Amino acid sequence: MDKYKINECMEKLTYNQHKLIKRLIPEIIKASINTFHNYRKLQLGDDKDIPYETVRILEVLFGLEVGELANFEVKGKSCRALFKEHHIALVQPQDNYEVES
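Position 2, counted from 1, in the sequence shown is what our numbering calls 2; the numbers after and before it change by one each time, with no gaps.
Label pairs and their computed distance ranges (CB to CB):
1) Asn-38 with Ile-88: 40 to 50 Å
2) Ile-88 with Ile-28: 41 to 51 Å
3) Gln-17 with Glu-65: 12 to 22 Å
4) Pro-51 with Gly-76: 15 to 25 Å
5) Leu-90 with Pro-51: 30 to 40 Å
6) Pro-26 with Lys-75: 28 to 38 Å
7) Glu-85 with His-18: 43 to 53 Å
8) Glu-85 with Arg-23: 41 to 51 Å
Taking lysine-lysine and the DSS-like style, the derived pairs with C-alpha atoms no more than 27 Å apart in a straight line are:
9) Lys-48 with Lys-3
10) Lys-30 with Lys-19
11) Lys-41 with Lys-30
12) Lys-48 with Lys-19
13) Lys-77 with Lys-48
14) Lys-75 with Lys-41
15) Lys-22 with Lys-12
16) Lys-5 with Lys-22
17) Lys-5 with Lys-30
18) Lys-48 with Lys-22
19) Lys-5 with Lys-48
20) Lys-30 with Lys-48
21) Lys-22 with Lys-41
22) Lys-75 with Lys-48
23) Lys-19 with Lys-5
24) Lys-5 with Lys-75
25) Lys-77 with Lys-5
26) Lys-77 with Lys-3
27) Lys-19 with Lys-3
28) Lys-22 with Lys-3
29) Lys-12 with Lys-48
30) Lys-75 with Lys-3
31) Lys-41 with Lys-5
32) Lys-3 with Lys-30
33) Lys-30 with Lys-12
34) Lys-12 with Lys-41
35) Lys-3 with Lys-41
36) Lys-19 with Lys-41
Everything labelled a hint here was simulated from the structure, so no lab data went into it.
Nothing here was measured: the structure is a model prediction, and the numbers come from that model.
Glycine included, C-beta positions come from ideal geometry on N, C-alpha and C.
All chains should be built: construct the whole structure from the sequences, respecting the hints.
Dropping the structure here:
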């Protein structure tokens, strides 16, 4: 399975749109045509990846929301969960400003 939905997005285009965008995208993402084709061929589980800024540019080009280009879900824990797991108290920032009357 593809790591990113680039091919899926491009398949939705007409022949002329597909032909044009395939020529324009490398210029827009500032990469060679070969690099763009390598991005299109990335598979889930591959160690290689697309730089975040390039992913965002492609999402904008294809009218996708943040994170929609990826064919995978990024999983992780929040800082709060890690602190709780390691029994570290959350320190609340104190207001160092005194109110003058």
